[in-house]
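> Spelled out, the chains give:
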Amino acid sequence: MLNDLGNALLIFTLISCGYGLLKREDGGFASYWVAGLITAAFATLMYAYVVSDFSVLNAYENSHSDKSILYKVSGTWGNHEGSMLLWVWVLAVYGALFTWKSKNLSKGLSQKVIAIQLVLTALFTSFIFFTSNPFVTVSPTPAEGLGLNPLLQDPALAIHPPLLYLGYVGYSLTFSLAVAALWHQKKLTKAWAKVARVWGLVSWMFLTLGILAGSYWAYYELGWGGWWFWDPVENASLMPWLTGTALMHSLIAFEKRNTLHRWTLFLCLITFALSLLGTFLVRSGILVSVHTFAADPERGLFILGLFALMAGSSLALFAARIDAIAANQWMGWFSREASIVLNNLILGTACVVVTLGTLYPVIAQITGSQLVSIGPPYFEQLITPLAIIMFIGLIFVPFLKWQKTPFKVLKAWGLTLGVDGGILLFMALLWADLSWLAAVCLALVGAFGFVSALQVYKAVWGRLNLPRLAFGLGHLGLGVAVVGMIISAIGGEEKILLLGPDESVNFHGYTIELTAAEAFEEQNYLTHQVTLLATYGRNQVALQPEKRFYPLSQTVTTETAIETRWFSDLYVVHGGLDEGAQKWIIRLYYNPMILLIWLGGLMIVAGGGVSLAAQYKQRKKA
Amino acid sequence: MKPKTRRWIYFLSGSGLFTAAVVLGLLALQQNVTYFYAPKDVVTQNPSGKIRVGGLVKPGSVQRLPDVITQFTLYDDGGEVPTVYQGILPDLFREGQGIIAEGDYHNGTLKAETVLAKHDENYRPPTLEEDYRYAE
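Protein sequences, first through last, are from chains W and Z.
For the first sequence, this note's numbering begins at 859 and goes up steadily by one.
For the second sequence, this note's numbering begins at 4 and goes up steadily by one.
Be careful, since some hints might not be right.
Cβ pair distances, simulated, as ranges [as the list claims (entries may be wrong)]:
1) I12(Z) to A1049(W): 39 to 45 Å
2) V26(Z) to K881(W): 49 to 55 Å
3) V26(Z) to A1049(W): 31 to 37 Å
4) S64(Z) to D862(W): 55 to 61 Å
5) T1225(W) to G99(Z): 32 to 38 Å
6) T1242(W) to E116(Z): 32 to 38 Å
7) V26(Z) to I873(W): 33 to 39 Å
8) N1364(W) to G99(Z): 37 to 43 Å
9) R882(W) to F14(Z): 36 to 42 Å
10) L29(Z) to N1323(W): 52 to 58 Å
11) P1409(W) to G99(Z): 18 to 24 Å
12) V26(Z) to A1400(W): 50 to 56 Å
13) S64(Z) to Q1440(W): 20 to 26 Å
Since the hints were made in silico from the structure, they are not lab data.
Even for Gly, the Cβ is constructed at its ideal location relative to N, Cα and C.
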């Protein structure tokens, strides 16, 4: 029953897309319809999960009636078919939102945007219908489902895919806007840039939140003590984030100074292409990763085909038409727009580096030479110098003016910052005997944080200046996050040891004593838990890391226990029983200032939110 | 400066940076690529440095030493690789199990930094699977 309903809804979606494309003046109407139909299809699938209707193959394979309601709902997108349906749902909803909010563009242009959005929706709906249909009937209806991968039963991971997709797929709108502009063949206007900026910003905020949620999950769930592993699937979300960040900045230069037309349009196309590539890499199962669900070459080829079609045709259109619609604008060497060019070059280069390292093993495997893997050192070696160059540039940005900055201003600030940076560097070298590299990085980021904080202060002191606050907050967040990254990397400590009952160990100012070790049976898993009493000064806290066994899926997972003091974590992993010594293997991590990474990340997103508010206010005034 | 000249400067500096990034990237790739070997390839090719070995844990070879150090031998139909690892072994590590160890190969011993074990039947990354086929 639910299967028939779901399939009918998908077919009606395809028909509505076709109608909207044939009668383009009704495209807006069609996009509302499409959004409604896909919402209904997605709700149908979710309903099958919630009421545990196992005649739906997808629910049978991925759900279980014992699971809590939250994981039943999130189980809807915790698998390939359901997550692709979520993908298309987001696509259709963005299309409808654009239709609703597109009053500021000329009719011809917005009709074209809607048409392209409908083409995308139709292509991905047929992808779902033909290769990844969640509405397949199981007959006779099984009594019980097969359950969900226990690694995925986690609140951060429940919201991670929706956030990520709201970001990924949001870039379909900037893509459609760019292709529509090329198709429309009229000169690009500031009005276009304003609209693109809003959607680019919304997508970027969601993508950032999605990446933050994913890395936080990896941090506390995987039990490896780190927060970013340069895993190919993490990289797949980082690639569009890097170009999306570049796009967000270049759109500012476009709107304020009517410059960087070609480059901005190119970024619109490439960001969505990378989003598609990311989807392909994850969905095709071509990569070795903790994220890959099942491998299916047919699906991978379909998405690869869609990727080639989108990227190829849009870039060809770009090459043919861009000179007709773009204009040139002068810019001074020391101006804000030039700094945005530098920002874009660095982010673009970083994206090239990440893409190269992620795709190389895939290419090496396809060309059949050898099985290889690329480790984190590759990425760290290349991203670190880029980040240093970026921070050197970033320090000067608050003092740059549009068009041209007087040399006097530059000289004064250069001198001040040079002295400040020097003092910070000296302190960093004295304070802890850090390596030169770490000290230089910390001093740079410290100086940068200082000037960004100054911007926040100036923006809220006196008359509230929203654009400046957005700038200051976003950049300060970056500084905070990077300080967290550097300090947790250089000050972190890791120790593996064996502990028997009532034995204790000293670790980083804590005295840690093993007081209990017990096994329990929970609703859908068996667990073994050790209790460690961590004492520092007069404070005492019990840490209870677990090792869980899920009989349904025959999987073992590790639950970490974390004690946070300020922004630093004591992180404990249960490593099982050492049979020889009859003691428990315990892995301890001390991660100083690691929470700053996510705090900074949230500040960055808040900066985006303030910028959105600023644009809203400006539009209301106009 | 004419707009045209300026455009050239942007174009050249941009493509210069791009090329530099790709060249540096490829150089760094060369240093950081880890090749995959089956135990028999290790025996015949005798590589050195960082490698990845995929094989089976030889029954009876697992020895637990103090300080959470484990010694075991990886083998296939054509060779054996003695391996040492300090740390928590994956939940599915056991004798006869297909695993992948990555680390420094030196003087006939693999000093593993990472050990990956086969996941359950439903959940197996494809390349890993290939690695096992390679090994088995």
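> Take the hints in turn and mark each one as holding or not.
Verification of the hints:
At roughly 30 Å, the beta-carbon separation of I12(Z) and A1049(W) lies outside the given 39 to 45 Å, and the hint is violated. Between V26(Z) and K881(W) the beta carbon distance is about 52 Å. The supplied range of 49 to 55 Å therefore holds. For V26(Z) paired with A1049(W), a C-beta distance near 41 Å fails the hint of 31 to 37 Å. Between S64(Z) and D862(W) the C-beta distance comes to about 57 Å, which sits within the given range of 55 to 61 Å.
Checked against the hint of 32 to 38 Å, the pair T1225(W) and G99(Z) passes, with Cβ atoms roughly 34 Å apart. With their beta carbons about 21 Å apart, T1242(W) and E116(Z) fall outside the hinted range of 32 to 38 Å. Roughly 51 Å separates the CB atoms of V26(Z) and I873(W), a value that falls outside the hinted 33 to 39 Å. At about 39 Å, the CB distance of N1364(W) to G99(Z) agrees with the hint of 37 to 43 Å.
A hinted range of 36 to 42 Å for the beta carbons of R882(W) and F14(Z) is consistent with their spacing of about 37 Å. Between L29(Z) and N1323(W) the beta carbons are some 45 Å apart, a value that contradicts the proposed interval 52 to 58 Å. P1409(W) and G99(Z) have their C-beta atoms about 22 Å apart, which keeps the hinted 18 to 24 Å range intact. A hinted range of 50 to 56 Å holds for the C-beta pair V26(Z) and A1400(W), which are about 54 Å apart.
The given range of 20 to 26 Å is respected by S64(Z) and Q1440(W), whose C-beta atoms sit roughly 22 Å from each other.
The structure does not agree with the numbered hints 1, 3, 6, 7 and 10 stated previously, though it agrees with the rest.
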